[in-house]
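Spelled out, the chains give:
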Amino acid sequence: MAKRILFQFDIDSQPSSFDAVVAIDSGVDHLIPYAGVQATLIEPLVHGAMFTRGDKDLKNTAIFLGGSDVEAAETLLRCVTDAFFGPVRVSVMMDANGCNTTAAAAVVAAARHIDLAGSRAVVLSGTGPVGQRVSRLLARDGAHVTLTSRSRSRAQRVCDSVAQEIADASDAPPNLKAAAAGSPEEVTAVLSDAQIVVACGAAGVQLASENDLTSAQDLVVAIDLNAVPPSGLGGVAVMDKGSPISEGASAVGYGAIGVGGLKMKTHRAAIESLFESNDKVLNIDEIYQIAQAVDRR
Amino acid sequence: MAKRILFQFDIDSQPSSFDAVVAIDSGVDHLIPYAGVQATLIEPLVHGAMFTRGDKDLKNTAIFLGGSDVEAAETLLRCVTDAFFGPVRVSVMMDANGCNTTAAAAVVAAARHIDLAGSRAVVLSGTGPVGQRVSRLLARDGAHVTLTSRSRSRAQRVCDSVAQEIADASDAPPNLKAAAAGSPEEVTAVLSDAQIVVACGAAGVQLASENDLTSAQDLVVAIDLNAVPPSGLGGVAVMDKGSPISEGASAVGYGAIGVGGLKMKTHRAAIESLFESNDKVLNIDEIYQIAQAVDRR
Amino acid sequence: MAKRILFQFDIDSQPSSFDAVVAIDSGVDHLIPYAGVQATLIEPLVHGAMFTRGDKDLKNTAIFLGGSDVEAAETLLRCVTDAFFGPVRVSVMMDANGCNTTAAAAVVAAARHIDLAGSRAVVLSGTGPVGQRVSRLLARDGAHVTLTSRSRSRAQRVCDSVAQEIADASDAPPNLKAAAAGSPEEVTAVLSDAQIVVACGAAGVQLASENDLTSAQDLVVAIDLNAVPPSGLGGVAVMDKGSPISEGASAVGYGAIGVGGLKMKTHRAAIESLFESNDKVLNIDEIYQIAQAVDRR
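Line by line, the protein sequences are chains A, B and C.
Quick note on numbering: this note's numbering labels position 15 of the first sequence as 20, and the sequence is numbered without any gaps.
Quick note on numbering: this note's numbering labels position 6 of the second sequence as 11, and the sequence is numbered without any gaps.
Quick note on numbering: this note's numbering labels position 269 of the third sequence as 274, and the sequence is numbered without any gaps.
In isolation and in its complexed conformation, chain A is listed as follows (with noise of 0.2 Å):
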């Protein structure tokens, strides 16, 4: 049988150890690295993955797509679908900075839950490559997303882009809405009624205090995929897998690594499921449905 081949594109300067080990924890026999991958010399790649397998066995090569700098990656990726030819082609995910696994996984635990259909959800500095892709996949299962930013503007930038995103995948419409995040009087107003929090802000920022989480009457979940201290919700440690966010809370609280288990098992079930066919695109919204798989395991 053909060895399974992973092609693993890098944007950065040096391919991620991370991904190269998850990789080879999948089941990949050969991982074969490439640093510094550029979009203007990702063709000939691409084409030398196509062209050296026949149909059978094509199935047994696949890219990954990583790096830091997740929209140089999602231009990898349209780089790398233009490149097949017809069926002629190789699974390909794109998981740069572990956006997609991050975002679906804590998802994924948001709906373990609440029912996220008709839910009322607040991402707290929902503007960066992770708070986009958990608002798409809240908003996409019909909860009423609340993005935020301390930028009123820059949230409704970023909620319009997220909107036409789904929009494009011709869905129902989303219920997307910005708001200004940044003093302590707006924490406390967008987290009034919220059910669901998500806080993707950057490492070692708190974006609410414990007393804000406590005073949120209806939260029924908490979730922080910030890894460094302090915690970016307060109450939320970066260990908590479920657990109260406070004594006697009924709200439970995950932290980055509360979140961690699920994620890794969704990125390796995802680099599985590339050998399965040789069609594959794995973004945001595969990634999602294969966490949801892992889940329910």
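Treat the hints with care, as some may be off.
Remember, identical chains collapse to one label, so a pair may be satisfied in a single copy or spanning two.
As the list claims (entries may be wrong) - Derived DSS-like pairs (lysine-lysine); straight-line CA-CA distance at most 30 Å:
no.: 1; residue 1: Lys61; residue 2: Lys182
no.: 2; residue 1: Lys246; residue 2: Lys8
no.: 3; residue 1: Lys64; residue 2: Lys246
no.: 4; residue 1: Lys270; residue 2: Lys285
no.: 5; residue 1: Lys8; residue 2: Lys270
no.: 6; residue 1: Lys61; residue 2: Lys285
no.: 7; residue 1: Lys61; residue 2: Lys270
no.: 8; residue 1: Lys182; residue 2: Lys64
no.: 9; residue 1: Lys61; residue 2: Lys246
no.: 10; residue 1: Lys182; residue 2: Lys8
no.: 11; residue 1: Lys270; residue 2: Lys64
no.: 12; residue 1: Lys8; residue 2: Lys61
no.: 13; residue 1: Lys182; residue 2: Lys285
no.: 14; residue 1: Lys8; residue 2: Lys285
no.: 15; residue 1: Lys285; residue 2: Lys64
no.: 16; residue 1: Lys8; residue 2: Lys64
These aren't lab readings, by the way, just hints derived from the structure by calculation.
Let chain A serve as the given structure and place chains B and C on it in line with the hints.
Chains B and C alone, transformed into the frame defined by chain A:
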């Protein structure tokens, strides 16, 4: 048993993914790609490959030289063999840009249809790496070769160089002549008594029309090594593999993909043979022998 | 079972092919080489290696630090261990330029012929990475070491530094002294009562003549670590392995290749031992212990 290690020394900034997959499909246990390999820096890499395993295991380490610059790879090959110490050496194969496997497969395909010795062959646009190698193989097997270029003087320079290479390998004097084939009249003239035509032009340039080929009354086989439409030889499609060049014609044609199957098998067989002993140097003549053996299987 | 992954972090623009082959021959399942690794960029690579596998499997991921610049590799080693979080760590080995395995093998070879404790040893041209390590190991095992250089003050600076390193490892005070050994007279003087001589000079420089060695009446063992002719010690050939330094002499000699067998076995045993637990840090002292164990087998 010692694992089979192939060092892929590639001149380009990203090592060929094509060569990587073929190496793995040839039974290599560990592929170790190097990018941007330069002649001035290769000696310690070759020494590291030579001085790490004992006599018995040394044949399980080998070197592949690739990349898009064939001349630079030829220089690297000399540097590699210069770095050997007598019997302390490892096997090495050069196939930059697929030049050797492509040329070898094309000539073997032609030889399926006509005895090369004494045949009349035309190599259109024969001045590049593949054309030179096709001309060399045809001439060494006794064909009367006409090598063309738009510029007759350029064609002559390349003929002289190929003839010198053949003389250096101390063969019978080759029968090689240069011709200009820029204008339609020149093409018609050069093809008038050709039995074999091999087109080695740039992608997407037609070198002879279907009418040129059907008018060549002695034509037996026409091979077009250009994979990008329009085809280099009118009437020969990229997938053709020994089919008539036009309805009712006795001459047959091969397109780039039609030759590609044998090229791939030759590439794999060549990599496999590297591990039979520690003293192989696989360049055009050795790879041609491998292609002949593969075709007889 | 988790596959054995070795990250080869190499400082040079091309990772060492030597280190790659040895790693594979030591049972590594997946070797992942990195070129041009810099101290400022290593933390995320170390974290990626640490945070991808659970407790039980973490010992199957390890790091090798290599390249031609030993000082830079020492700095990298500090950066690697600084990036660990308590017990969340992976095993790491430093052997840039083979400095540790070479020095360890040389001292173990000497100890086959004389009890190091109380012996008189001279390390010629001992100021480089290998010479410093040879001096350190000899002194820690109780030898009276004279470290030479053409410049006495340079030799003294290196002695002070080696002595400080030994003191930092809280041993008994080492017996180390500096000497100039540039002129023939200085060489004769420094060798006059030597029992052990180890030559660590640059390739192709003779540090002592055959006459110098035969005139050293107490000499027991002479080791030349230079592999390029002429040999660093007259009368000691590169392949010598415990053979008399001249006809009828009782002193024996080792050349670079004579020491090389033990060096290679030590290198392989060290790589294998990385995967026994996740907390090894293999630098000169640890690698010396491994060389001793390998030699006793």
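Consistency of the hints with the structure:
Taking the closest pair of Cα atoms, Lys61 and Lys182 never come within 30 Å of each other, the shortest separation being 47 Å inside a single copy and 45 Å across copies. In this homomeric assembly, Lys246 and Lys8 come within 30 Å of each other (Cα to Cα) only across copies, at 29 Å, whereas the closest approach inside a single copy is 37 Å. For the identical chains of this complex, Lys64 and Lys246 are inter-copy neighbours only, at 26 Å across copies versus 36 Å inside a copy, given an alpha-carbon limit of 30 Å. Taking the closest pair of Cα atoms, Lys270 and Lys285 come within 30 Å of each other both inside a single copy (18 Å) and across two copies (28 Å).
For the identical chains of this complex, Lys8 and Lys270 are neighbours both inside a copy (22 Å) and across copies (17 Å), given an alpha-carbon limit of 30 Å. For the homomeric pair Lys61 and Lys285, the shortest alpha-carbon distance inside one copy (15 Å) is at most 30 Å, but the shortest distance between copies (32 Å) is not. Taking CA atoms no more than 30 Å apart as the test, Lys61 paired with Lys270 passes in both settings, with 28 Å inside one copy and 16 Å between copies. Proximity of Lys182 and Lys64 under a CA criterion of 30 Å is satisfied in neither setting, with 41 Å inside one chain copy and 47 Å between copies.
For the homomeric pair Lys61 and Lys246, the shortest alpha-carbon distance between copies (21 Å) is at most 30 Å, but the shortest distance inside one copy (43 Å) is not. Within a single copy, Lys182 and Lys8 get their C-alpha atoms no closer than 48 Å, and across copies no closer than 47 Å, so neither meets the 30 Å cut-off. Taking the shortest Cα distances, Lys270 and Lys64 sit within 30 Å of each other both inside one copy (21 Å) and across copies (20 Å). Taking the shortest Cα distances, Lys8 and Lys61 sit within 30 Å of each other both inside one copy (12 Å) and across copies (27 Å).
Proximity of Lys182 to Lys285 under the C-alpha cut-off of 30 Å is found in neither arrangement, the shortest distances being 32 Å within a copy and 52 Å between copies. In this assembly of identical chains, Lys8 and Lys285 lie within 30 Å of each other by CA distance both inside one copy and across copies; the values are 18 Å within and 26 Å between. In this assembly of identical chains, the alpha carbons of Lys285 and Lys64 lie at most 30 Å apart only when taken from the same copy (9 Å versus 33 Å across copies). For the homomeric pair Lys8 and Lys64, the shortest alpha-carbon distances inside one copy (10 Å) and between copies (23 Å) are both at most 30 Å.
The structure does not agree with the numbered hints 1, 8, 10 and 13 stated previously, though it agrees with the rest.
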